[in-house]
Amino acid sequence: MNLITLDFETYYAQDYSLTKLTTEEYIRSKKFEVIGVGVKLNDEPTTWYSGSHADVKRYLAQYDWADSALLCHNTMFDGAILAWRFDVRPKFYLDTLCMARAVHGVDAGGSLAKLAERYDIGAKGTEVVEAKGKQITGFTSSELAQYGEYCKNDVELTLKLFQILSSEFPQEELDLIDMTLRMFINPVFNVDDGLLEGRLEDIKNEKYELLGGLKEKLKCETEEEVRKKLASNKQFAQVLEEHGVKPPMKESKTTGKQTFALAKNDEGFIALTNHEDPFIQQLCAVRLGTKSTIEESRIERFISVGARNKGKLPIPLKYYGAHTGRWAGSDKVNFQNLPSRDKKKKALKNAVLAPDDHIVINCDSSQIEARVLAWLAGQDDVVEQFAKGEDVYSIFATKIYDRTISKKDPVERFVGKTCILGLGYGTGALKLQHTLKTQPPGADLTEERCKEIVELYRETNDKIIKLWRDGDKLLKDLADWGKGKKPYYYGKHNCLQVHKEGIRLPNGLYIRYPELELETNEESNSGYVYKSRKGPVNIWGGSVVENVVQALARIVVGEQMLEVNKRYPVVLTVHDAAVCVVPEAEKDEAMAYIIEVMSTAPEWAKGLPVACEANWGYSYGEC
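Terminal number for the sequence shown in the numbering used here: 607, no gaps in between.
Worth flagging that the hints you see were computed from the coordinates, not collected in a lab.
Just so you know, these numbers come straight off a predicted model, no measurement behind them.
Misleading hints may appear alongside valid ones.
Derived pair list, reagent style DSSO-like, types lysine-lysine, alpha-carbon separation capped at 30 Å [as the list claims (entries may be wrong)]: (1) Lys316 - Lys237; (2) Lys302 - Lys518; (3) Lys144 - Lys116; (4) Lys15 - Lys108; (5) Lys218 - Lys199; (6) Lys515 - Lys469; (7) Lys401 - Lys457; (8) Lys230 - Lys203; (9) Lys329 - Lys218; (10) Lys14 - Lys116; (11) Lys401 - Lys333; (12) Lys188 - Lys316; (13) Lys41 - Lys14; (14) Lys515 - Lys415; (15) Lys450 - Lys469; (16) Lys15 - Lys75; (17) Lys590 - Lys550; (18) Lys302 - Lys98; (19) Lys75 - Lys14; (20) Lys460 - Lys484; (21) Lys435 - Lys421; (22) Lys421 - Lys248; (23) Lys421 - Lys391.
Restraint ranges, calculated between C-beta atoms of paired labels, are given here [what the hints assert, rightly or not]: (24) Glu431 - Gly228: 23 to 31 Å; (25) His418 - Gln119: 49 to 57 Å; (26) His37 - Ala269: 48 to 56 Å.
Glycine included, each C-beta is placed from N, C-alpha and C at the ideal position.
Kindly produce the complete structure, drawing on both the sequences and the hints.
Here it is, written out as structure tokens:
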């Protein structure tokens, strides 16, 4: 297979650039124009070509894309241009930006200039001509030639960077990069804009009705006036005071000063929603129902994306979007947090359709992080419960309430579930209490009761607690790594190696803690901090456990998706789920195969009791 390294130079202006627009908006814009393209085939000299759209298309057609891998720095951009503007789709997608994020961490900075400096492979250089706001017809031949030299240098740097990064980069991770990029560049899902437009109208009417019911009581002439009064913290606080209710307050985490506790998850506001005065409850309900415009914005974005892409919905996901390697939303289209429980808000998911004669299969790895935690710690009793298909949440809830709890006891089981998923990383009584308060009525418990539950969890999960303590030792070793120190294994199954560079994962990549050091701030509840782009991050044994569990779960699911992808393309991943679009005629065969793969642990994770749940439908929402 050939390797083609490529870089497009495109028209940009003050109000038309990737800092102002999403990648999809930029490429699909009527303003879009290719100024030129730099191309390097294998080790041959890099070429620069500039011309009309038709000329560039003919130039690109000389390459055997069907047997070539495309390499770019930010292939989501250049690869999409190739596909959407020139109908060119290579055999495989590579991306040094994605690779750098995985190797150096999400906070290390992934610009080509910074990476070139890090590896001392040459300066990226600067534009030798003024290109901003200039279309191709505005360049002289000399300026285009100079611009071409700049572009060719970027191509050369990209290839050098790839050669360095790929020397120890896992092949499976390269495959995941390719799979992730295809979700965006070669979209499969259709958008039901009719359904979305109907939902937009319903939202408008619902808000109008809610606001209209308060006009007289709040002495407002219009619904918009009511909305503004309820949306503003200051004005809402005044309304509360006018009706004899003192606005709840809290200490600001940024300033340390007292401020209104009127966010939807603030304990003070939650208390207001259950106020003895029905009118106060109504005020809170209308504020919640009308303040947020997130749903409308998302719907409008889906409609506009579909309109620009002939009804198709590109899925922009950021490979290695988190510290632990998990995917993250990108390009202002975040599938990781689309509403799923509210039937009305689920319109977004329901509007994501399979093509004609196809169905959507959603296969979710069941409780993967809880399973990995028990397995990694050697908490064999819990591992056995998972392996037998027992309801781990109900089992722990039974211990909490000292009576048999099952799925017929939703509140009590929810408490058990919250404990299993949260207490394994060191959550204390106060945080547990706060979490339960924000959940369905009946789940909230006293601080004293939460203390008892935390103690119960720690008594019955001693191996997990030991993993925390080993995590504390791990941090000390990383911070004080001395000469002659040898790597060692962390956890029961020798799949994690503590190394001076961080924690080496089974796929060969690392969880890194840059500039890790002992915290000297007396106010910190953490023994150590490491540096991130957003500032110092507190870290201790329990959070190390959370990091490695998330990372291992992501690797497990990633390997499973690659196996599924061999037969049925994975077109979306959300948290721990693989989503495929398959021919309806192959539904039963595909379901059986995907379930089998997603129920099988990788070779390095022998004994890990993985399981999954799969559903199908004609839309993403249905499954």
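Structure versus earlier hints, numbers of those that do not hold, lowest first:
Of the numbered hints, all hold.
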